[in-house]
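*Asks:* We have chain A; now place chains B and C onto it with these hints.
What follows is each chain in one-letter form.
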Amino acid sequence: MQELKKRLCELLSDGTVARVLGWRRGETSFDPEPAFFGSAEELSDFVYDGFCGANLSKMMIEAARLEGKTAVCLKPCDTYSYNQLIKEHRVDREKTYIIGVGCRGKLDIDKIRASGIKGILSVSGTECDGDGDTLFVKTVYGDRTCKYADAMLSRCHVCRGKEHKIYDEIIGESRDTTDGDRFSEVEKLEAMAPRERFEFFRRELSRCIRCNACRNVCPACSCRKCVFDSNNFDSAQKANVDPFEEKMFHIIRAFHVAGRCTDCGECSRVCPENIPLHLFNRKFIKDINTFYGEYTAGEDAEEMCPLTDFDFGDAEPGDVTSGR
Amino acid sequence: MMGGIYGISKDRLEGLFSALAAERELYLPVLSGGKVNFSVWEEGADVRLDVTKTAKSPKDAFFPQFETLYTCRTEEGKLKIDPEELCRREFVVFGMRACDAAGLRVLDRVFLSEPVDTFYAARRELGTIVSIACGEPEESCFCRAFGIDAAAPDADAAAWFSGERLLMKPQTEKGMRLVSSLSEYLTEEDGAEAVIEEEQAKIRAITEKLPYSSLSLEGWGSGETKRKFDSPLWEKLYRPCLACGTCTFVCPTCQCYDIKDYKTKNGVQRYRCWDSCMYSDFTLMAGGNNRTTQLQRFRQRFMHKLVYFPENNEGMFSCVGCGRCVDSCPSSLNIVKVIKAFGKDGGDE
Amino acid sequence: MQIEKTAQNKEWKPMIVAFCCNWCSYAGADLAGSSRLSYPADVKIIRVPCSCRVNPMFILRAFERGADGVIICGCHPGDCHYTTGNYYTRRRMALLFSMLDFIGVENGRTRVEWVSAAEGAKFSATMNEFTAKIRSLGQNVRLGDLRCRN
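Chains A, B and C, in that order, are what the protein sequence lines are. The letter at position 30 of the first sequence is residue 469 when you use my numbering, and the numbering goes up by one with no holes. The letter at position 172 of the second sequence is residue 250 when you use my numbering, and the numbering goes up by one with no holes. The letter at position 29 of the third sequence is residue 47 when you use my numbering, and the numbering goes up by one with no holes.
Note that these hints are calculated values from the structure, not bench results. Cβ atoms here follow ideal geometry from the backbone N, Cα and C, with glycine treated the same way. Hints may be right or wrong, so weigh each one.
[Unchecked claim] Here are the simulated lysine-lysine pairs, DSS-like style, with alpha carbons at most 30 Å apart: (1) B:K113 to A:K586; (2) A:K577 to B:K158; (3) B:K415 to A:K508; (4) B:K418 to A:K445; (5) B:K415 to A:K444; (6) B:K280 to A:K577; (7) B:K341 to A:K550; (8) A:K526 to A:K557; (9) B:K287 to A:K664; (10) B:K88 to A:K557; (11) B:K341 to A:K664; (12) B:K415 to A:K550; (13) C:K151 to B:K158; (14) A:K550 to B:K158; (15) B:K314 to A:K444; (16) B:K341 to A:K577; (17) A:K534 to B:K314; (18) C:K31 to B:K343; (19) A:K586 to A:K526.
[Claimed, not checked] Label-pair ranges, simulated between beta-carbon atoms: (20) C:N146 to A:G619: 45 to 53 Å; (21) A:D607 to B:E392: 51 to 59 Å; (22) A:Y734 to C:A143: 35 to 43 Å; (23) B:E168 to A:G555: 52 to 60 Å; (24) B:I337 to A:Y734: 39 to 47 Å; (25) B:D308 to A:H596: 18 to 26 Å; (26) A:D618 to B:R166: 30 to 38 Å; (27) A:Y580 to B:G421: 24 to 32 Å; (28) A:A740 to B:Q372: 23 to 31 Å; (29) B:N367 to A:T747: 28 to 36 Å; (30) B:I337 to A:R641: 24 to 32 Å; (31) B:D124 to A:Y580: 17 to 25 Å; (32) A:D570 to B:D268: 58 to 66 Å; (33) A:G619 to B:D308: 30 to 38 Å.
[To be verified] Anything over 12 Å on all C-beta distances counts as not near chain A; from chain B, calculated: (34) R167; (35) E214; (36) E217; (37) G269; (38) S309; (39) D336; (40) D339.
With the rest of the complex left out, here is chain A:
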């Protein structure tokens, strides 16, 4: 992190960039927040460690409207989202200086809590350039340890790889943390009977509190005004009035980003009710791969999105659903 901080200081002082988008140290060692830094002095609060899981690429939409260049810290998986935003003309590449930061999997404090550790005061062993596979957790109730891999965000178990897809320079080493199959959860559901699948989604979605965090955090959801925020729409965009409404919201949310979703996993990370929202997105990704050929959103900044493209020989909708 020291190397990264030094380089950011340099970029700011020599005028290459007007500001830095990174993370500011929080009240504890596990709650850093995304932040803009305008000067080398402000950077004293800069932090980059295992808890810096937020995908900063969406904040670059806002940065594109500010004067001067912005240096942004992107992890390998974030660069997919950034590419996708370039493709959609939502960010300004000319006004961005991308620092590809190293990543060895990001941590989820909820995973640590779920393992039964209560009253967490601090967590150490979270450095990105570190090598240790153990986290040391200080709690009100004594010291505990847990495995780094066990505390990782679910998305990191199906890592997008250690390669940055777009960058100006790379600082730090990255590691591919994959230890599971990306589509196994989707396949498991597909193998169930329709009634069981229906019950599964009903149970999961019934917890939805319609806070819209999944939508607001999504780097692919960048509409100025969301269709669900329209006042001409008699469904409540902020209350789970009828079980139908969650279904509609989550299907449409996922559909709107189908073919553009880079599977960054932010939706599931931010859900306060732990709803596996990535399942909707992954189902679309899996279908697109099966029906229209392998496609990775954000792999580059040019390729056409499968839903704005077509082929004369595409499968008929009827064949697709009855084929299984």
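*Replies:* Showing chains B and C alone in chain A's frame:
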């Protein structure tokens, strides 16, 4: 008779729940999908009384996220209006915490003062609350900063875990009635006062050690609007805010709601649902919106809790320090950070 | 709303919403009519400029308000009045139907059919067949808003 202490061993709680649920609706913290939330108890539910904080606060039991107010329909060419009936069944919320109970006092201020909200008042009347003292408070808890004692919850009946037993102490008429209806399960315990005091001492010792417990609220409260409102600090604080409503929807004291119409098959259903000051259509009027930027909306939330509400309610803050927003904010923003940021220099330039 | 079931009907009758493109399928329906080919009255046609005008939200909204089946009819691939509209429809609907199936809504409540202006007979046959299918599936309970029931 009030003031007596009644005990039950943990393994008999299941029986007590099913006896309670037989005659009234029973809300309990239940684990589902990895999250614990208050929900109506059913046989076989995974009840988790050991979990200090539910994801969503239990305010739903009194002020549900949505409720129908009335339905209009045309019948034989005539317009018919059916007001929704008020709550008529008794219910019990078992396993609230001191902060949750204090949150209800805040809601009472809003909904039970003139003009009284009849829907809320009916539920308050019929609901009995059993609160449990927090044996294992969490790091994000800071109820102590607001003068709430996690070891002595305010409720119809307070309860403490002590080893394998749960000790209950009725504190109101309603609590007493609840306890006497459960005489089959509860046994009166002599000398349990000392046991409770011992537990309380333990809890208080822990709360003192919690990182946010010593949070100072100096500089907040009534009369601070001028000083805080135009502070440049807000600009820095609000930046990472996603404008989602997570903090407001998990909060035990947030009380804003919106009233909406839903067109049904041959009528209109008017309902109310929670609103969030984080949303762009919050307090939207015909003439537009009086808060047009996220900075203003973000500021509204904290100014309301820490300045405007105390101003109108004899200094009572509308935050109870439950720390749910601290745990669930996707961008790790929270009220503690706001209080601390202003604490350093009062927020002046 | 016109498309909603009327309360008087005690016996369940399916309600089917057909989104028909202005240039081919709507004309096909017209031809079916003028050729005196019958199709069930349970089918309510909504005319759209092109099948690709059908937003996934339209389909969900139809189900929300009580539809038991939704069918989208457009020009045959290659014949779109706007050259390529129906190719996009084909991809979108394939994904949407697959998603509905994924969340457990019975397969078969949704369909896409290409009907040209000359295919009055096909229009009528398709609607008859689709209505029979929906009748066999019964009322849509998994994807409707309970408030729209009364």
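*Asks:* Are A:Y580 and B:G421 spaced within 24 to 32 Å by their CB atoms?
*Replies:* holds, 28 Å
*Asks:* Is A:K577 within 30 Å of B:K158, Cα to Cα?
*Replies:* violated, 63 Å
*Asks:* Compute the least Cβ-Cβ separation between B:D339 and chain A, then decide whether it is above 12 Å.
*Replies:* Contrary to the label, B:D339 does not stay out of reach of chain A, its closest Cβ about 7 Å off (not over 12 Å).
*Asks:* Are the Cα atoms of B:K287 and A:K664 separated by 30 Å or less?
*Replies:* Distance of about 45 Å is beyond 30 Å: violated.
*Asks:* Holds or violated: the 35 to 43 Å window for the beta-carbon distance between A:Y734 and C:A143?
*Replies:* Given a distance of about 37 Å, which is inside 35 to 43 Å, the answer is holds.
*Asks:* Sort out whether B:K158 lies within 30 Å of A:K550, counting only the CA atoms.
*Replies:* Violated, at roughly 53 Å.
*Asks:* So if I understand the rule, the pair passes when the alpha-carbon distance is 30 Å or less; does C:K31 with B:K343 pass?
*Replies:* holds, 16 Å
*Asks:* Given the hint that B:K341 pairs with A:K664, does the C-alpha gap stay at or below 30 Å?
*Replies:* holds, 23 Å
*Asks:* B:K415 and A:K444 were given as a pair; does the straight-line alpha-carbon distance stay at or below 30 Å?
*Replies:* It holds: about 23 Å lies between the C-alpha atoms, which stays within 30 Å.
*Asks:* When you check the alpha-carbon spacing of B:K341 and A:K550, does it fall within 30 Å?
*Replies:* violated, 42 Å
*Asks:* Taking only the CA atoms, is the gap from B:K280 to A:K577 under or equal to 30 Å?
*Replies:* Status holds; Cα separation ~19 Å.
*Asks:* With respect to the beta-carbon atoms only, verify the hint that C:N146 and A:G619 lie 45 to 53 Å apart.
*Replies:* The hint (45 to 53 Å, Cβ to Cβ) holds, given that C:N146 and A:G619 are roughly 48 Å apart.
Checked against the numbered hints listed earlier, the structure breaks hints 2, 7, 8, 9, 13, 14, 16, 19, 23, 25, 26, 33, 35, 36, 39 and 40; every other hint is satisfied.
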